[in-house]
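Student: The residues making up each chain are set out below.
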Amino acid sequence: MSPRYEVPGGDLSLAGRASAEVKRAPGRLGVDPAAIKRMAVATHEAEINMAIHAGGGHAEAEIVPGKIVVTLRDEGPGIADLELEMQEGYSTAPEHIRELGFGAGMGLANMKRNADELTIDSTPGAGTTIMIMIRLDTGRT
Amino acid sequence: MNVRDIVSTLEGTLLTGEELLDLDIKAACGADLMSDVMAFVNDGVVLLTGLVNPQSIRTADLMDIRVIVFVRGKVPPKDMVAEAQANGMAVIATRYSMFLACGRLYAAGIRSGGTRDIR
Ligand SMILES: Nc1ncnc2c1ncn2[C@@H]1O[C@H](COP(=O)(O)OP(=O)(O)O)[C@@H](O)[C@H]1O
Ligand SMILES: [Mg+2]
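Chains as they are written, first to last, in the numbering used here: chain A, 217 to 357; chain B, 15 to 133.
Warning: the hint list may mix true and false statements.
[Unchecked claim] With a straight-line cut-off of 30 Å between C-alpha atoms, the simulated BS3-like cross-links for lysine-lysine are: (1) B:LYS88 to B:LYS40; (2) A:LYS328 to A:LYS253; (3) B:LYS40 to A:LYS239; (4) B:LYS92 to B:LYS40; (5) A:LYS253 to B:LYS40; (6) A:LYS328 to A:LYS239; (7) A:LYS239 to A:LYS283; (8) A:LYS253 to A:LYS239; (9) A:LYS239 to B:LYS92; (10) B:LYS92 to A:LYS253; (11) A:LYS283 to A:LYS253; (12) A:LYS283 to A:LYS328; (13) B:LYS40 to A:LYS328.
No lab work stands behind these hints, which were simulated from the structure alone.
On a predicted model such as this, the values are computed, not experimentally measured, just so you know.
So that you can see chain B by itself, here it is in the shape it has in the complex (with noise of 0.2 Å):
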């Protein structure tokens, strides 16, 4: 599913990254708690988190992170935006809650969790 299709699943606001519309995404991962992101993801997935803070653009861009998803109807402010921006990443705000935006994005395709093995 590339990040066009995130958009429309999820009703949502594509906030910067036109230039990341094609990008095949196989796998998300839905997170508020940035020491989990920094433990478990995987490259190349989309992060749906519902924490918005600076931190959770610098989180996702250590990761290789590309796309980010702001749950709950969160907008971010202008300065992460741009932040997400300058490090080349795709931001979408969508009014859906966590639950119901994962359940969305599994129901239209994307079944891989995006984590290591966890034992």
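So that you can see chain A by itself, here it is in the shape it has in the complex (with noise of 0.2 Å):
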């Protein structure tokens, strides 16, 4: 099972779809609550920050024995300097997106915290590809 979502550029309204997907997928059955909240909460920070820094993409979600994997593309501009962006309280975020409470500069570290593993492959001028990777067995919460 791979759902795909595509995340809209720019609308943060209709950002959060994927993750919220995540928190109700029908694979969660038997699944620790725990970790899905920890996907939902790293998921959602990454589709936000394709809707309001790389003018959207897609989200891919999947459930594999073990594990759950969402992956993250888009062709924005790309992080150049991912140790300084990865920085709490770094941001480059407009006024009309703080205005809505975002861009506070915690998300990349807040998905680093939440995932067991966190993969972001960038490349300057052509957009950014994030791996988020749960692991189900753990006992982590």
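Two independent chains are provided; combine them into the complex using the hints.
Tutor: In structure tokens:
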């Protein structure tokens, strides 16, 4: 099972669909709710980033034995200096996004905190691919 | 403190969530910054916010927050209340400011900030 969600650019009112689906996915039955929540939070942050910073993209969720993997791809400007962008508080979000309660520069750090594995593959000018992996057998909450 | 007590302490109006009136709430978090809510908040809190926007409902849903209070006399539009209702959440509106609403809940017995440890 590998559902695919489009994440439109700019329009934050539509971001968050993939994460809401992750939370409600039928495959989640019998899966530790804390693990599902960590995935939903990390996915939500990534979706908002795609909508704000990359003009949209798409997300794919996969629930396989032992883990959940969400992959998000966009063709936005890419991330040039990952170490800098990962720092809490660093943000290039415009004012109108801050007025919506986002753009505090906490997103990438929050994704890292929630994910068991986070890979960010980015080429400046070509786009970003983010892979979030949550293990289902660790008992971490 | 249950949701009924929160409504009366804040002299608020319950816009949806009758079925949650007896739900026990032990912690509260006041925030307009949804980024912070996503990064710091624990389950089971009441969220007080001045941000009237569908993202406040969605962020609350994401974080398993069942009760949301809009402060400073802000009343969310019908479609936002409907979204909250569909998510099984309670929505309260109060005319108190963020500071006074938080203060009143604290004085009435909610003493936990509802966030993970912040170093
Ligand atoms: N998908 C993306 N494409 C391009 N840049 C991104 C993307 N995601 C994040 N960034 C960059 O990384 C910065 C930090 O991201 P984040 O920690 O989520 O903070 P915020 O979204 O609040 O700005 C952003 O301000 C942006 O410059
Ligand atoms: Mg972000």
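Student: Run every hint past the structure and note whether it holds.
Tutor: Hint check:
1. The hinted pair formed by B:LYS88 and B:LYS40 meets the criterion: a straight-line CA distance of about 24 Å does not exceed 30 Å.
2. Among the hinted pairs, A:LYS328 with A:LYS253 is consistent with the structure: their alpha-carbon atoms are about 14 Å apart, no more than 30 Å.
3. Pair hint B:LYS40 plus A:LYS239 holds up; C-alpha atoms about 24 Å apart against a cutoff of 30 Å.
4. This hinted pair checks out: B:LYS92 and B:LYS40 have alpha carbons roughly 28 Å apart, not beyond 30 Å.
5. Proposed proximity of A:LYS253 and B:LYS40 is supported: the alpha carbons are some 21 Å apart, at most 30 Å.
6. For the hint linking A:LYS328 to A:LYS239, the alpha-carbon distance of about 19 Å falls within 30 Å, and the restraint holds.
7. For the hint linking A:LYS239 to A:LYS283, the alpha-carbon distance of about 14 Å falls within 30 Å, and the restraint holds.
8. As the CA atoms of A:LYS253 and A:LYS239 are separated by approximately 7 Å, the hinted pair is consistent with the 30 Å bound.
9. Between A:LYS239 and B:LYS92, the direct Cα distance comes to roughly 25 Å. Compliance with the 30 Å bound is thereby established for this hinted pair.
10. This hinted pair checks out: B:LYS92 and A:LYS253 have alpha carbons roughly 28 Å apart, not beyond 30 Å.
11. Between A:LYS283 and A:LYS253, the direct Cα distance comes to roughly 13 Å. Compliance with the 30 Å bound is thereby established for this hinted pair.
12. For the hint linking A:LYS283 to A:LYS328, the alpha-carbon distance of about 16 Å falls within 30 Å, and the restraint holds.
13. The straight-line distance between the Cα atoms of B:LYS40 and A:LYS328 is roughly 28 Å, inside the 30 Å bound, and the hint therefore holds.
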